[in-house]
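Q: Numbering that gives the first Met the number 0 puts the first residue of the sequence shown at 0, with every later residue one more than the last.
FYI, nobody ran anything at the bench for these hints, they're computed from the structure. The C-beta atom is built at its ideal place from N, Cα and C for all residues, glycine as well. Careful, some of the hints might be misleading.
[Claimed, not checked] Label pairs and their computed distance ranges (CB to CB):
(1) Ser-110 - Thr-31: 27 to 35 Å
(2) Leu-15 - Pro-54: 48 to 56 Å
(3) Val-111 - Ala-14: 42 to 50 Å
(4) Ala-48 - Val-82: 18 to 26 Å
(5) Gly-69 - Glu-119: 39 to 47 Å
[To be verified] In the DSSO-like style, the derived pairs of lysine-lysine whose C-alpha atoms are separated by at most 30 Å in a straight line are:
(6) Lys-10 - Lys-96
(7) Lys-96 - Lys-18
(8) Lys-18 - Lys-89
(9) Lys-10 - Lys-89
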Amino acid sequence: MARITYRELQKAVAALAVKVINDADAILAHTTQLADQAADTARLADGIAALGVDPATVAETTQLARLMDGISDSNRAYAAASVDTYAAAKATHEQNKASHGGIAEAVSRSSVDTSNLSREWLRQE
0 MARITYRELQ
10 KAVAALAVKV
20 INDADAILAH
30 TTQLADQAAD
40 TARLADGIAA
50 LGVDPATVAE
60 TTQLARLMDG
70 ISDSNRAYAA
80 ASVDTYAAAK
90 ATHEQNKASH
100 GGIAEAVSRS
110 SVDTSNLSRE
120 WLRQE
């Protein structure tokens, strides 16, 4: 099992939370773009229907617009779940700070070398 310090854990959780929210923002940007393209495709289907293009082509174009809109809706749900994941990571980070922050701060200020302390002894204390 890899050893990780409290500070490394804090940095990793904070970095993960930032990455999750940045990725959610990127997904939302792509989702908005896809929704706009779906609306354009639906308008195109209406336009080609008015021009008298064969019904099969109009139906395929309309179906494509619906699929794109469905993907856009799914992406919005995925992005919302990412925001929930961010909130959970942030809450975990805050709980970790509240539970262990004082200990980590005391150890980091201590002049005693604590690198060789038995983790089992600390658990028992």
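Q: Which of the listed hints are broken here?
A: 1, 3, 4, 5
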